[in-house]
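J.: Below are the chains, spelled out letter by letter.
2 protein chains.
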Amino acid sequence: MALEKLQMIPLGGLGEFGMNCLALRFGDDILVIDAGLMFPEEELLGVDIVVPDISYLIENRSMVRGIVLTHGHEDHIGGLPWILSELNVPVYGTEFTLAYVEGKLDEHRLLDDAELIEILPGKRFTLGPFSVMPIRVTHSLVDCVSLAIHTPVGIVLHTGDFKIDLSSPDGHPFDLQAFADLGKQGVLALLQDSTNVDRPGFTPGEKAVIPRLDDIFAATKKKIFFSCFSSSIHRIKIAMELAHKHGRKVALVGRSIDNSTEIAQDLGYIDPPQGLIIHPGQIRDFAPDKLCILISGTQGEPMSALSRAAVDNHKFAKIDPGDTVLLSSRIIPGNEKGIYRVIDHLERRDARVIHDDGTNGLIHVSGHGSQEELRLMINLVKPKFFIPVHGDYRHLKRHVELALSTGVPEKVILLEDGDVLTLDKDSAQKTGKVTTGRVCIDNNSTADVVEDTVIRDRKHLGEDGLFLPIIAINKRTGAIEGQPEITTRGFAADDPDLLRNARDIVVRTLEQSSEEERRDYGVMKDKIRGDLKRFIQKNANRRPLIMPIILEL
Amino acid sequence: MALEKLQMIPLGGLGEFGMNCLALRFGDDILVIDAGLMFPEEELLGVDIVVPDISYLIENRSMVRGIVLTHGHEDHIGGLPWILSELNVPVYGTEFTLAYVEGKLDEHRLLDDAELIEILPGKRFTLGPFSVMPIRVTHSLVDCVSLAIHTPVGIVLHTGDFKIDLSSPDGHPFDLQAFADLGKQGVLALLQDSTNVDRPGFTPGEKAVIPRLDDIFAATKKKIFFSCFSSSIHRIKIAMELAHKHGRKVALVGRSIDNSTEIAQDLGYIDPPQGLIIHPGQIRDFAPDKLCILISGTQGEPMSALSRAAVDNHKFAKIDPGDTVLLSSRIIPGNEKGIYRVIDHLERRDARVIHDDGTNGLIHVSGHGSQEELRLMINLVKPKFFIPVHGDYRHLKRHVELALSTGVPEKVILLEDGDVLTLDKDSAQKTGKVTTGRVCIDNNSTADVVEDTVIRDRKHLGEDGLFLPIIAINKRTGAIEGQPEITTRGFAADDPDLLRNARDIVVRTLEQSSEEERRDYGVMKDKIRGDLKRFIQKNANRRPLIMPIILEL
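As you go down the protein sequences, you meet chains A and B in turn. First residue of the first sequence: 1, per the UniProt record's numbering; consecutive thereafter. First residue of the second sequence: 1, per the UniProt record's numbering; consecutive thereafter.
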């Protein structure tokens, strides 16, 4: 038998942010690293999420030994339900990562059939010809690992997402020694996170936000609404500690933050003192200066708890004049308008809004390493070959330049989705191209409707059709002009009852919304879409693509 | 006759960025300041521009004495074609401002009927009971003025857009003395631009970009593509001077930058040495290091010259490996994805892209005054009443706080669109509300098609219908799957010939696009929309709302 070579095939994340997925193949064995999703560009109307095309894995399904996860963010695990429904292979992840995966698979009723295998940082395990050593790294999420994959031709190190936080709030330090050891052993190829390749210097540690947040807690007289990414476990922990220090009770409002906190508590990452956490229904029982409300929705998502509170449409989260709303997060590009819309609503309620606009001090830090951390990693592990991962083309290119500037790797390779990189002990060459692409999935963006979030492929469009409710709203009065019209394609055009009832649903949704909501077309579209989806699913057992069109008259 | 009072009624721009328009009424006379447009939020599908609802002016049409413009940016003049077609009143503006207005009205075939009256900074003119003194200010555009409006109850000063540039590249200084004089005379009310109220300090002058741009010109070995807002006359001038200094010829590529430069040259704002400017067709005749190409499209607009060059689809602007593309502009929120898409395309062509991401030095400055300039203006003119203009609600609120912090105004008033503020010598009170709102206009976004840009009101939708071409694209191959389908509403459903021909148009547009364009859905939608619009207009003399829907399979 000829000496076999290693193949490295990125299926997603090299040429875009999100949907990270990479295959390593040696002979007839394939190991997959991560299975992420991406949120779509606005051009893809009606699409909720995008996942990588895994034709390559499906064509070679008998070879796929498993999927190894670096951590629990959506861009690393969010594609799992779709991928597992096509290809049911074992999934390896740390305890916390698997807790997120479980919740996700349960939502999609895939949990019973899934094989989830827990891995431990520092504990090697075997997958076919690969021996995988997870190495603890620090990031905005907890229990994250890099993967040192020992292959017959050498060690491939995939960093996953990381920053080098020298004082991690969870007490689990970044394992510098393990990386230094790898450097001594010799690393064949380093695949490194490109997210912050544009940022000079070092990324501040998670604890760097404490002084400024402490000031804000100290200076606030009324309620504090604290919003961060629901997976920012460190940040949630810090908020709880500050609330406790300043004599405030903590209420959790919003499904995602509630969920995430529950997992973090179960696994011991957060251990709030007895009595600190109250039920949202108890908010009214406490004085405003005794409350800190952790609330979902930093990105202005129309159906999030914060968006609803901003238009005074949340049962428990009431925003009163003089309350403070603290957004301890960044603006993900593309979400600006939604976020500013929420901020404007909050300002109209006379809330004080503190967000990361550069003028409010260090209230948020990134979870990704900056240039010096990227250089440090390269110097620590001294790879022969270097391949940037996670980023748009320009980030990968910048990262190539950065790696070259260190003078460490023998060769730096700009790989894109679908490229096949073939490696042996001495060489790394692009040798081909496999099918890759983006698969659009019409999930349900209404977070409340768990039972409805069955993943479907856009390919079913021909089957289930297109459903376009057209609503004319009088901008002056906020009233509906005439009846909503419904245009369909490939579905229900011949069913006047269904169309009439669907129209009634739209009218009812509009009527039951507040005036402030009706002026917020993002919210209205989401509500109409959710209500229609449930109705059509129930009455016609179909899942058409629903695209509400709102016209201002 | 009872003593009459002054009414101040914002019709747009107080609660949003854009569509600035404000009415001043005294007795039976109304003066209007500015008539801007706004670009729509993405929720408003198929809408190109948004203009203020001017019902209030139409109801009182016999009282409207004229529209006075502060300067020529779209958010101050872009609504004119629509407003003048409803209400043909005289328009007052400076020479440069009127040159922009003329072009705009000509496009919409309204120029012949329009009465345009040139005003001069420092030269008072009368409009009914109002005596208006234009005062020269500095901004990113040239020939901009504040308006000091002498009314029977006192002076109302509207700043328009401004920064205090102490060394304006056009040699026309900010008229500090005139503002100081007003302060001595006593100003009843100051209305001030809120755009940069969040920025501490002073905004750098326009010339502050020169050192860094000079460095870049000096260090660049191949072609320089220089892109800025087409109305940034100062920036265009600076780019030309640097090109001249570094021995590069200048080619202007893109209709808007060409247009703008022509006006600036005609009016003496730009005076390039003989032979500096070459025709785009001559680009090929010069060595790369002898060329600077001024190109439209800093915001990633899909049909702009830069976007087309980025996908190698521009006749004259060819981007070769090693060329430098300099974006001397900011990212307008909401345009991030489009801009990054263009940057990614450029990077794939191995161009060096320099944009204002915080790491490239001072390559762009804002045209709006920061906090200290806003405070300085308040201190200079010492108004009795202060009213912030131009901004989302949160900016107006911040500006109220900033004005209060100066201790100068007796009263600070947060006014929103539609509020009626009634003033006399001693008091300012909100006394009512008039109808305001946003009117959506389905213009044509394809900048090339001048003859097609007749403004129409969305109210015609019932008449002209909705036209939805649905195209399924195979993401892997970029090929169209099956035939495009066309769904219509209220239009042409009974005309199989028209639908078949429209389908052919879509197929042809797709076929004639490069693979790179086909992967850029923003570009494809714009092209399909433009081609169909021309076809339907010509063959059916209708103007339906056209919304291409692209589905990835």
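Treat the hints as calculated values from the structure; they're not laboratory data. In this text, all values refer to a predicted model and were calculated from it rather than measured experimentally. Note that CB positions come from ideal geometry on N, CA and C, so glycine has one too. Check each hint, because a few of them may be wrong.
Far from chain B, by Cβ distances over 12 Å, these chain A residues were calculated [what the hints assert, rightly or not]:
(1) Q7
(2) G358
(3) T359
(4) D424
(5) K425
(6) L466
Here are some, though not all, of the chain B residues that point toward chain A, as calculated from beta-carbon distances under 8 Å [as the list claims (entries may be wrong)]:
(7) P333
(8) Y340
(9) R349
(10) R500
(11) D504
(12) R508
(13) L510
(14) S513
J.: Taking 12 Å as the cut and beta carbons as the points, is L466 of chain A off the interface with chain B?
T.: violated (7 Å)
J.: Can we trust that Q7 of chain A is non-interface, i.e. its beta-carbon lies farther than 12 Å from all of chain B?
T.: Given that every Cβ of chain B is farther than 12 Å from that of Q7 of chain A, nearest at about 20 Å, it holds.
J.: How about R508 of chain B: closest beta carbon in chain A under 8 Å, or not?
T.: Since the shortest Cβ distance to chain A is 21 Å, the answer is violated.
J.: Report holds if the minimum CB distance from K425 of chain A to chain B is greater than 12 Å, and violated otherwise.
T.: Since the minimum Cβ distance to chain B is about 31 Å, K425 of chain A lies beyond 12 Å and the statement holds.
J.: Per the stated criterion, does the least C-beta distance between D424 of chain A and chain B lie above 12 Å, as a non-interface residue requires?
T.: holds (29 Å)
J.: Should the label of T359 of chain A as a non-interface residue stand, given a Cβ cut-off of 12 Å to chain B?
T.: violated (6 Å)
J.: Hey, does the P333 of chain B contact hint survive, CB to chain A under 8 Å?
T.: Cβ of P333 of chain B sits 4 Å from chain A, so the hint holds.
J.: Identify whether the interface hint at L510 of chain B stands, where standing means a beta carbon of chain A within less than 8 Å of its own.
T.: At about 15 Å, which exceeds the 8 Å cut-off, the nearest Cβ of chain A leaves the hint on L510 of chain B violated.
J.: Answer holds if the nearest beta-carbon of chain A is closer than 8 Å to that of Y340 of chain B; otherwise answer violated.
T.: Given a least distance of 6 Å, the restraint on Y340 of chain B holds.
J.: Please confirm whether G358 of chain A is truly not at the interface, meaning its C-beta sits more than 12 Å away from all C-beta atoms of chain B.
T.: violated (8 Å)
J.: Verify the interface restraint on R500 of chain B: the C-beta must sit less than 8 Å from at least one C-beta of chain A.
T.: violated (17 Å)
J.: Any CB of chain A closer than 8 Å to the CB of D504 of chain B?
T.: violated (19 Å)
In this structure, the hints that do not hold are numbers 2, 3, 6, 9, 10, 11, 12, 13, 14, in rising order.
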